[in-house]
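S.K.: Put chain G on the given structure of chain P with help from the hints.
Listed here are the chains, written in short residue letters.
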Amino acid sequence: MLLTREEQSMLEGKYGEGMATAMKVLVAIGESFDAPRMVEITRAHVALSNQEADLWFVEKLVSGGARCVVSPTVNPGFNLEYFEKVSHISDKDTDVIKRTRKAYQTIGATLTYNCTPYLEKNIPRFGEYTAFSESSATPYINSVYGARTNREAAQSALCAAVTGRTPYYGYLIDENRKGEVLVEVEADLKDDFDYNMLGYCVPEKTGVTVPVFTGIPKDVTPEALMNLGAQLNTAGAVAMYHIVGVTPEAQTLEDAFHGETPKGRVSIANRDLQSMKEIHSAATGKIDFALFGCPHFTIRQVEQIAGLITGKELKAELWICTSSLTRTLAERMGFLQDIESAGGHIVDDTCIDQPCWHHLYGKKGVTDSPKCAYYTKRRNMEFVLRNVEECIEAVLRGEV
Amino acid sequence: MFDQDITQHGSASRKRGGLQFDCHKIAGGYAVGEALVADNDSICFYLVDPRTGIVIEKNHELEGQSIARKVLIFPGGKGSSVVQLDGLYQLSLYGNAPKAMVIRHPETVLVASAIIMEVPLVDRLADTFYKAVKSGDQVEVNASQGIITLVKR
Numbered sequence: 258m259l260l261t262r263e264e265q266s267m268l269e270g271k272y273g274e275g276m277a278t279a280m281k282v283l284v285a286i287g288e289s290f291d292a293p294r295m296v297e298i299t300r301a302h303v304a305l306s307n308q309e310a311d312l313w314f315v316e317k318l319v320s321g322g323a324r325c326v327v328s329p330t331v332n333p334g335f336n337l338e339y340f341e342k343v344s345h346i347s348d349k350d351t352d353v354i355k356r357t358r359k360a361y362q363t364i365g366a367t368l369t370y371n372c373t374p375y376l377e378k379n380i381p382r383f384g385e386y387t388a389f390s391e392s393s394a395t396p397y398i399n400s401v402y403g404a405r406t407n408r409e410a411a412q413s414a415l416c417a418a419v420t421g422r423t424p425y426y427g428y429l430i431d432e433n434r435k436g437e438v439l440v441e442v443e444a445d446l447k448d449d450f451d452y453n454m455l456g457y458c459v460p461e462k463t464g465v466t467v468p469v470f471t472g473i474p475k476d477v478t479p480e481a482l483m484n485l486g487a488q489l490n491t492a493g494a495v496a497m498y499h500i501v502g503v504t505p506e507a508q509t510l511e512d513a514f515h516g517e518t519p520k521g522r523v524s525i526a527n528r529d530l531q532s533m534k535e536i537h538s539a540a541t542g543k544i545d546f547a548l549f550g551c552p553h554f555t556i557r558q559v560e561q562i563a564g565l566i567t568g569k570e571l572k573a574e575l576w577i578c579t580s581s582l583t584r585t586l587a588e589r590m591g592f593l594q595d596i597e598s599a600g601g602h603i604v605d606d607t608c609i610d611q612p613c614w615h616h617l618y619g620k621k622g623v624t625d626s627p628k629c630a631y632y633t634k635r636r637n638m639e640f641v642l643r644n645v646e647e648c649i650e651a652v653l654r655g656e657v
Numbered sequence: 007m008f009d010q011d012i013t014q015h016g017s018a019s020r021k022r023g024g025l026q027f028d029c030h031k032i033a034g035g036y037a038v039g040e041a042l043v044a045d046n047d048s049i050c051f052y053l054v055d056p057r058t059g060i061v062i063e064k065n066h067e068l069e070g071q072s073i074a075r076k077v078l079i080f081p082g083g084k085g086s087s088v089v090q091l092d093g094l095y096q097l098s099l100y101g102n103a104p105k106a107m108v109i110r111h112p113e114t115v116l117v118a119s120a121i122i123m124e125v126p127l128v129d130r131l132a133d134t135f136y137k138a139v140k141s142g143d144q145v146e147v148n149a150s151q152g153i154i155t156l157v158k159r
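Chains P and G, in that order, are what the protein sequence lines are. First residue of the first sequence? That's 258 in this note's numbering, and the numbers climb one at a time after it. First residue of the second sequence? That's 7 in this note's numbering, and the numbers climb one at a time after it.
Isolated chain P (complex conformation) (with noise of 0.2 Å):
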């Protein structure tokens, strides 16, 4: 790999210890993909997680004395302070999240605790290269936007924003962003819950690929692709997309196939939608709980949870995760007081895969969201899979 002169130096530590790990990092992924060189990044995003890795890395970094020349927006952890008044955090728990907190301050993040970025502090441009992690982000930055990133670990994002660079190879590079597999939507979208079913379907028949949809209408929500994207990334590593009529790269079936023809062909039906979520559902009954915001909702998902909730009382916990932005809206616009005033909860900075859920453990619970249902099995969390009606429904009766 040809690196500058400037690369070469944060390769051999003229910068530090940190700079040089992260330069090492990159240097051998891009040498694993075949990247000729490094390209500038002006975006980056890391999906900080709070597990053990995650602080070992980013102390190693910041012990190394690295800080970003790029500033990341990173992801939530837990909202310690909040959690704090409603159930109890280990003393463990209390000191990973204080030092995770506490190493992306020092390395010059900035401290958003978002999962969705591209819909506020982190929005790029058509075709600017960045280097975006979490699943939900990357697909929509290179398919919503026509923004460049590969499907990067949280720490190879970190390594980026700390050198200020990426590899060039991948979703970087023109050619291999065209599509390859003709995806024919027949099912009917009708909320957008299904596009979460439609996201976790499409990998399993079209193995890790570009896929190109057709019959997505052009008037699709922003929580619609948000869903779409955070499954096929869950699902099966599907790290970018085209809507024909819909995505900046697709404006037309030739567009997104840049010429030529589709390497497959596949259509989705209304079953493949409901085996989907039989599947991946737990067994219907009693339920302890319903949780939300996997990826954070959008203010608009938050009223319409108020909108159904208002002036009833709630039979098992509701809980909504978000950014504080959003929860300072729905504090502005009324939605906190009616769902808190039927016994919910809006959290923000706070991802559902963390441990101050330990109190849901062994228990079951509904949530929209089947990347919320996967990553909670190792914390033995159950999940039954509906809309979000469905879901309150659920947890005005207690039961599925």
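Hints may contain errors.
Said to hold, decoys possible - These stretches of chain P come out as covered by chain G in the derived footprint (C-beta under 8 Å, 3 or more residues):
#1 274-287
#2 311-319
#3 365-373
#4 385-398
#5 485-495
#6 632-639
Claimed, not checked - No more than 30 Å apart at the CA atoms, straight line, and that leaves these computed lysine-lysine pairs for DSS-like:
#7 P:Lys621 with G:Lys64
#8 G:Lys64 with P:Lys447
#9 P:Lys447 with P:Lys475
To be clear, the hints were calculated from the coordinates, so they are not data collected in a lab. Think of the CB as a built atom: it goes at the ideal place given N, C-alpha and C, for glycine as much as any other residue.
M.R.: Quick look at chain G alone, frame taken from chain P:
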């Protein structure tokens, strides 16, 4: 610094009683161990119990089997941008990480995780390798030199 000498469809040759195959280094290193093969399913190391190395993902072709200290041969990684590193990190803490990994489809998350955790990782094996290798065979992975040696059980 391209690995020009390593071809995409490297040839197999017989050596010291084992079949030898060319491969492409992703994360360097050397390991010998028992093969565990997943033909179709990608692996998310977060859904592996770190204390036992047993795959807990529902309906996975390796569900219930242990990947601990195996030479793991599988299509590639999947899962969000944080879970692979933590999965491998936790497995390493318990001494249950795979000894080496052989994949068909490299993607950045697994590649970065293997490089950071220093687990040897290679790709670009010939189809003859996949036809020959079965779970239980002994596999020597010399990632740094781009050579895999297979001894049938």
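S.K.: Are the hints correct? Go through all of them and say.
M.R.: Hint check results:
1. 274-287: holds (count 3)
2. 311-319: Coverage by chain G holds here, the residue count being 3 at a Cβ distance below 8 Å.
3. 365-373: It is violated: at least three residues are needed, and the segment 365-373 of chain P offers just 0 whose Cβ sits closer than 8 Å to chain G.
4. 385-398: Coverage by chain G holds for the segment 385-398 of chain P (4 residues, Cβ < 8 Å).
5. 485-495: holds (count 5)
6. 632-639: It holds, with 3 qualifying residues against the three required.
7. P:Lys621 with G:Lys64: Satisfied, since the Cα-Cα distance of roughly 17 Å is no more than 30 Å.
8. G:Lys64 with P:Lys447: Satisfied, since the Cα-Cα distance of roughly 29 Å is no more than 30 Å.
9. P:Lys447 with P:Lys475: holds (14 Å)
Checked against the numbered hints above, the structure breaks only hint 3 and satisfies the rest.
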